[in-house]
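Asker: Listed below, chain by chain, are the residues.
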Amino acid sequence: DIQMTQSPSSLSASIGDRVTITCRASQDISNYLAWYQQKPGKVPQLLIYAASTLQSEVPLRFSGSGSGTDFTLTISSLQPEDVATYYCQKYTSAPFTFGPGTKVDIK
Amino acid sequence: EVQLVESGGVVVQPGGSLRLSCVASGFTFDDYAMHWVRQGPGKGLEWVSLISWDGGSTYYADSVKGRFTISRDNTKNSLFLELNSLRTEDSGFYYCAKTIMGATPLGNWGQGTLVTVSS
Numbered sequence: 001d002i003q004m005t006q007s008p009s010s011l012s013a014s015i016g017d018r019v020t021i022t023c024r025a026s027q028d029i030s031n032y033l034a035w036y037q038q039k040p041g042k043v044p045q046l047l048i049y050a051a052s053t054l055q056s057e058v059p060l061r062f063s064g065s066g067s068g069t070d071f072t073l074t075i076s077s078l079q080p081e082d083v084a085t086y087y088c089q090k091y092t093s094a095p096f097t098f099g100p101g102t103k104v105d106i107k
Numbered sequence: 108e109v110q111l112v113e114s115g116g117v118v119v120q121p122g123g124s125l126r127l128s129c130v131a132s133g134f135t136f137d138d139y140a141m142h143w144v145r146q147g148p149g150k151g152l153e154w155v156s157l158i159s160w161d162g163g164s165t166y167y168a169d170s171v172k173g174r175f176t177i178s179r180d181n182t183k184n185s186l187f188l189e190l191n192s193l194r195t196e197d198s199g200f201y202y203c204a205k206t207i208m209g210a211t212p213l214g215n216w217g218q219g220t221l222v223t224v225s226s
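Chains as they are written, first to last, in this note's numbering: chain A, 1 to 107; chain B, 108 to 226.
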């Protein structure tokens, strides 16, 4: 099975900072990669699919890139409401494995 | 508005069984494949199972294969997960989720139902 890793596992940044999270697949998954945001105590929400397609109503400060095995999620200007854990997920075929998550908070 | 409402979570002993349900509204249920995902206490997300729009294809995580069964009743806009031979590591919130049109990602999630496996 394909394994998903994320780095860093956590980060602290200041309001307005550019934040980048990396997700790596153990095999080529083309662009079959999604990103989810889970705010504290809340249900996860889909941010991005097909590696770079923004889900409707997601703020434009979020963007995704990459293909093959290496992917990034970027928040161009961190806002207080972005405090959350972010997960990547591959969906080439089952099992649709999630990465371990990256916790983002405010410095 | 899409709504997914899970139920059936309880406290159960190791080795026990239970059935989770998810009732959907606000969209054409039989147009979409559906997932179950779980999250243990303080842990990350773990994909559990997927069922195709017509129930003809089902997929499972290795950790639950042979113990859990996903099913659906499109006449009742309902999704189910039968959990057997439960282990303490099966404890957590279980979420049902709707795929997005034409693709697998989880576009809408329910609020979850809590399963606790404990003696």
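Treat the hints with care, as some may be off.
Just the calculated beta-carbon pair ranges, DEER-fashion [stated by the list, open to error]:
no.: 1; chain 1: B; residue 1: Gln218; chain 2: A; residue 2: Ser12; range: 25 to 33 Å
no.: 2; chain 1: B; residue 1: Thr176; chain 2: A; residue 2: Ala13; range: 22 to 30 Å
no.: 3; chain 1: B; residue 1: Lys150; chain 2: A; residue 2: Ala13; range: 21 to 29 Å
no.: 4; chain 1: B; residue 1: Thr135; chain 2: A; residue 2: Pro80; range: 34 to 42 Å
no.: 5; chain 1: B; residue 1: Arg174; chain 2: A; residue 2: Asp17; range: 41 to 49 Å
no.: 6; chain 1: A; residue 1: Lys42; chain 2: B; residue 2: Val130; range: 34 to 42 Å
Anything over 12 Å on all C-beta distances counts as not near chain A; from chain B, calculated [said to hold, decoys possible]:
no.: 7; residue: Val130
no.: 8; residue: Ser132
no.: 9; residue: Asp137
no.: 10; residue: Gly163
no.: 11; residue: Ser164
no.: 12; residue: Ser185
Everything labelled a hint here was simulated from the structure, so no lab data went into it.
Positions of the beta carbon are idealized from the N, C-alpha and C atoms, including for glycine.
Asker: All hints, please: hold or fail.
Answerer: Each hint tested on the structure:
1. Gln218(B) / Ser12(A): 25 to 33 Å: holds, 29 Å
2. Thr176(B) / Ala13(A): 22 to 30 Å: violated, 44 Å
3. Lys150(B) / Ala13(A): 21 to 29 Å: Because 24 Å falls inside the window, the suggested range holds.
4. Thr135(B) / Pro80(A): 34 to 42 Å: holds, 37 Å
5. Arg174(B) / Asp17(A): 41 to 49 Å: holds, 44 Å
6. Lys42(A) / Val130(B): 34 to 42 Å: violated, 21 Å
7. Val130: holds, 16 Å
8. Ser132: Fine: 17 Å to the nearest Cβ keeps Ser132(B) off the interface.
9. Asp137: Holds, since 21 Å exceeds 12 Å.
10. Gly163: holds, 15 Å
11. Ser164: Incorrect as stated: the minimum Cβ-Cβ distance to chain A is 10 Å, not above 12 Å.
12. Ser185: At about 19 Å from chain A, Ser185(B) clears the 12 Å cut-off, so the statement holds.
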